[in-house]
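A.B. asks: The primary structure of each chain is shown beneath.
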Amino acid sequence: MTVPGRARHLYVHLPFCASRCGYCDFVTVVGRDAEHAPYVDALLRELELERRLLAPELESVYLGGGTPTLTSPAALERLLAALPRAEEVTVEANPETVTPALARLLSRNGVNRVSIGAQTFHMHLLDALERRARPDDVRRAVHVVRDAGIDNISLDLIYGIPGQGPADLARDLAEALALEPEHLSAYELEAKPGTRFTHAHGGELERQAESMESYFEHVVETLTAAGYRWYETANFCRAPEHAHGRDLRARHNLGYWLGRDYLGLGVGAVSTIDGRRWRNAPSLRGYAASLAGGERPARAHEELSPQVRRTERVMLGLRLDEGLPLAGLEQALDAVELERLAGAGLAVRRDGLLALTPRGRFVGGAVTARLLA
Amino acid sequence: MDQDHIRNFSIIAHIDHGKSTLADRILQLTDTVSAREMRDQLLDSMELERERGITIKAQAVRVQWKGYELNLIDTPGHVDFTYEVSRSLQACEGALLVVDAAQGIEAQTLANAYLAIENDLEIVPVVNKIDLPQADPDAASAEVADLIGEDAGRVLRISAKTGAGVEAVLDAVVERIQAPAGDRDAAPRALIFDSSYDQYRGVVAFVRVVDGAFRRREILRAMALGTRFEAQEIGFMTPAMRPVSELGAGEVGYVITGLKDVSELRVGDTLTSEKRPAAEPLHGYKDVKPMVFAGLFPTESDDYPELRDALEKLKLNDAALFYEPETSQALGFGFRCGFLGLLHMEIVRERLEREFDLDLLVTAPNVAYRVKPVNGEWVEVHTPADLPDAFDEVEEPYIKASIIVPKEHVGAVMELNNDRRGRFDHLEYLSEQRVHLTYELPLAEIVLDYYDQLKSRTRGYASFDYDMAGFRPGNLARVDILVGGEPVDALSLIVHRDFAYERGKMLVEKLREEIPRQMFDVAIQAAIGARIIARETVKARRKDVLAKCYGGDISRKRKLLEKQKAGKKRMKSVGGVEVPQEAFLAVLNLNDGSKR
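Residue numbers (our numbering), protein chains in the order written: chain A, 155 to 527; chain B, -10 to 585.
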């Protein structure tokens, strides 16, 4: 466990977007270019207020959004320059925002990993998702980032989009693999309640749910066959033997899945440190106003009981291909179910570790629900 | 009153043919009940009886008419209570057979008329509702006269509603029905034809004194059961209780026993004096056994103690009700209850829900079976799961069904009865239009939806009654339903082997629809012993994951998971398979309703 004041993972939220995608339920703000600089000021103030929570050496910094790369270049550069150094610094980018100038800006400010929201290479599916990027934007963005000297690129893909047939998915995967990304995230589209997207496509998604049931398996099979390691439920990285021995797993996100402490800055950002979790209020104006006055922003706090922490360790740890160390988690697990699931070939227990089999990982949500005491 | 001036009689009629209205009119006409006290259908005291228009508990009322003491003994109007009816009739010398002038004879009229004839009663035929525009008194009179071999001219025509002709009925009771015969000087004997429970005074027995006399404070004995008690009070009803010091041969009245349990005093038993006991009891006592069984479970498991208390209270007043605790994988803690028949079951269920405010799940009813296990003794089985895997013989209860139907529907009735393993017995034209059919049928074929089917296939015209006809050997098998290889007790059923495959297949298909997909394939099987006769598979889910989970939404994802976990806790686990309770209910309903 991390000693208080020693968080080694830092998340920074940049909420600005050019437009809001219909399926998105993140904290985002459209337009308001004039607010970028004041927002960065506020972020840096919050960093100062919380800096004592951070370890001297950070393992990762992650700029997520929103669309971090939409932030005005001057403000973005000022932010990056002021953030602490870390072994892995990731910025999320939308393909259409990636210009050579931006890539150079990121590179010279210590960014060594870029996560590009490709989602799909099909026009009609991009339209369904209300994404602004065109298929060519993705390819171009990858090359531009590489040209700037950043050698760790992740592509986000979404599958299960209304109207996406099996052939569409196969082609998306082939297109993505052709770009040889170091890392791939593949998410099934979630029709989140209350989003515009669910309103428009929810019924359709339900109808095609059964025909899309095999997509997850298809994604895993294709990517592992192409030499990628399925290291987390929705995440793949080029295996070390295909990557000159590099461990290309997302170190920042591994921090979450391993239950480590992290500090989050910005509107709606969440921090979890030493059994306490808090979420900043989502209002941009309120956030900026509080920090301008030297105050911490409004936050919702949550105390994590030992049992809740164990539950989270199981929930998160079982998403990984490496086993979950069982020591200290016995109380959180149902021993009878564990035996039963092992008997059914869904989980394995060895050397004090609990891991799901590939078959178990496909139904990992249900397996986890049963494993928990 | 000397015996010559006593007349004991009942009214027998089909439901809604006017029995209770006639009884009310008699009470009024004889000034037994003043107009002010009068409320319609006074004899039906329970709320439920009044609402359903049927009489559950028999009572006896004494009225005075032209110097005679008339005892009107009310009878329960339904087939499930045939035994009680027959005991009530045994307490009488005569009966008014009431037939609706518009409807004519119905199945129940027949059943009760035959019972009356068996008991050597003088039958006074009465055609009621002659004031109705659609009444056809001539046709109805002809039918009744034909049935009992009486001259049509002797059939009385009345309107109990308006009172027209009711005086003539009372005169006929005096003139045509014999006075009771018993020997006033013999050792006392009284027939118990009904009993009820009073929370302050204990069991009240309704009796017809046959011989001798009974006095207050005497020690009495019930001859069949051997129960002894002191007669705390004796008297007659007007219908209010009127204590007297003595009830003599021929008289009808009540005895307050102080007993705390109705099962200590059974209908049909003979009371005698402990001091001067009779040598022989009156004939005809039977130990009535429940024939139809069902599981009663509280919808909320917290209500189990309330259900137990309610059953205890009902049982005080209903010696025929049987119950024992039952535990089901699917439905939790409840009771297996035995009933005389379907109506009895309905009445108990409604009283539990209405008078005790309980929400109940009632499983599909099944009948009692008699089985001789291999190298074992005959035993009775009340729940399908208790039927042993191996047995030499098994018997099921049969009924003799009596159906009256317009002739154009005879074909439909025959088809239904053939489907239900019925054996044709007899067909007879009651009139040019109406046919009386008798069949022998396994009771098991009746308990599900037979009555509804009969009504729908004859557009509501058929009337139906039945009598238990004893146990007969059956080519029966227990079909088990297995989920994930494990039998589900609540879903076992006993069926004729010819229907086993069809029923098993239907059940597993229904379960497949109801059981949510799991992480592995789930086999749903129907089996007779070790032999699988039907199988369905709930295919495994191929994916069930939360697509993404990062630092910002760990709490939300955890709560989702906890919700999922709580949902699973509400399911029953059978062979490692999570089965929602709704799945069991859907299958139990299937058993209940859409059998074919």
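Among the hints, a few may not be true.
[Stated by the list, open to error] Taking lysine to any residue pairs in the SDA-like style, the calculated list, with each CA pair at most 25 angstroms apart, reads:
#1 B:K532 / A:P512
#2 B:K552 / A:E334
#3 B:K552 / A:R513
#4 B:K532 / A:A363
#5 B:K499 / A:E213
#6 B:K264 / A:N263
#7 B:K546 / A:L408
#8 B:K532 / A:T378
#9 B:K444 / B:V424
#10 B:K546 / A:E334
#11 B:K546 / A:A452
#12 B:K361 / B:S481
#13 B:K558 / A:T352
#14 B:K557 / A:R513
#15 B:K532 / A:P436
#16 B:K304 / A:R503
#17 B:K548 / A:S437
#18 B:K558 / A:V490
#19 B:K554 / A:S437
#20 B:K557 / A:E493
#21 B:K537 / A:V490
#22 B:K552 / A:G356
#23 B:K548 / A:L408
#24 B:K249 / B:P266
#25 B:K558 / A:D488
#26 B:K249 / B:V233
#27 B:K552 / A:A496
#28 B:K537 / A:E334
#29 B:K557 / A:A496
[Stated by the list, open to error] Just so you have them, the derived chain A footprint on chain B, three or more residues with Cβ under 8 angstroms:
#30 525 to 533
#31 545 to 551
Read the hints as simulated data drawn from the structure, not as lab findings. Where a beta carbon is used, it is the ideal one built from N, C-alpha and C, also for glycine.
A.B. asks: Take the hints in turn and mark each one as holding or not.
C.D. replies: Hints, one by one, checked against the model:
Between B:K532 and A:P512 the alpha-carbon distance is near 11 angstroms, which keeps this suggested pair within the 25 angstroms criterion. About 40 angstroms separates the Cα atoms of B:K552 and A:E334, which puts this hinted pair outside 25 angstroms; it is violated. Distance restraint check for B:K552 and A:R513: the Cα-Cα separation of roughly 23 angstroms lies within the 25 angstroms cut-off, and the hinted pair is therefore satisfied. Between the alpha carbons of B:K532 and A:A363 the distance comes to roughly 11 angstroms, so the proposed pair stays at or under 25 angstroms and holds.
In summary, the hint linking B:K499 to A:E213 is not supported, as the alpha carbons are separated by about 56 angstroms, beyond the 25 angstroms threshold. For the hint pairing B:K264 with A:N263, the CA-to-CA distance comes to about 116 angstroms; that exceeds 25 angstroms, so the pair is violated. For the proposed pair B:K546 and A:L408, the alpha carbon gap of about 17 angstroms is at most 25 angstroms, so the pair holds. A threshold of 25 angstroms between alpha carbons decides the hint, and for B:K532 with A:T378 the separation of about 17 angstroms falls inside it, so the pair holds.
With a C-alpha separation of about 15 angstroms, the suggested pair B:K444 and B:V424 falls inside the 25 angstroms cut-off, and the hint holds. Between B:K546 and A:E334, the direct Cα distance comes to roughly 32 angstroms. Violation of the 25 angstroms bound is thereby established for this hinted pair. This hinted pair checks out: B:K546 and A:A452 have alpha carbons roughly 23 angstroms apart, not beyond 25 angstroms. About 19 angstroms separates the Cα atoms of B:K361 and B:S481, which keeps this hinted pair within 25 angstroms; it holds.
A distance of roughly 29 angstroms separates the Cα atoms of B:K558 and A:T352; the hinted pair therefore is violated under the 25 angstroms criterion. For the proposed pair B:K557 and A:R513, the alpha carbon gap of about 21 angstroms is at most 25 angstroms, so the pair holds. The suggested pairing of B:K532 with A:P436 is violated, with an alpha-carbon distance near 33 angstroms, which exceeds 25 angstroms. For the proposed pair B:K304 and A:R503, the alpha carbon gap of about 56 angstroms is over 25 angstroms, so the pair is violated.
For the suggested pair B:K548 and A:S437, the alpha carbons sit about 24 angstroms apart, so the restraint of at most 25 angstroms is met. A threshold of 25 angstroms between alpha carbons decides the hint, and for B:K558 with A:V490 the separation of about 14 angstroms falls inside it, so the pair holds. For the suggested pair B:K554 and A:S437, the alpha carbons sit about 33 angstroms apart, so the restraint of at most 25 angstroms is broken. Taking the CA atoms of B:K557 and A:E493, the gap is near 18 angstroms; set against the 25 angstroms cutoff, the hint holds.
Note on B:K537 and A:V490: the hinted pairing is violated, with a Cα-Cα distance of about 28 angstroms set against a maximum of 25 angstroms. Of the supplied pair hints, the one linking B:K552 and A:G356 holds, its CA atoms being roughly 22 angstroms apart against a limit of 25 angstroms. Distance hint between B:K548 and A:L408 is fulfilled; the C-alpha atoms sit about 21 angstroms from each other, no more than 25 angstroms. For the hint pairing B:K249 with B:P266, the CA-to-CA distance comes to about 23 angstroms; that is within 25 angstroms, so the pair holds.
The suggested pairing of B:K558 with A:D488 holds, with an alpha-carbon distance near 13 angstroms, which does not exceed 25 angstroms. Straight-line distance between C-alpha atoms of B:K249 and B:V233 comes to about 23 angstroms, which keeps the hinted pair within the 25 angstroms bound. Of the supplied pair hints, the one linking B:K552 and A:A496 holds, its CA atoms being roughly 23 angstroms apart against a limit of 25 angstroms. For a cut-off of 25 angstroms, the pair hint linking B:K537 to A:E334 stands: about 23 angstroms separates their Cα positions.
The suggested pairing of B:K557 with A:A496 holds, with an alpha-carbon distance near 19 angstroms, which does not exceed 25 angstroms. Counting residues of the segment 525 to 533 of chain B whose CB lies closer than 8 angstroms to any CB of chain A gives 5, which reaches the minimum of 3, so the coverage claim holds. Coverage of the segment 545 to 551 of chain B by chain A holds in this model, with 4 residues showing a Cβ closer than 8 angstroms to a Cβ of that chain against a need of three.
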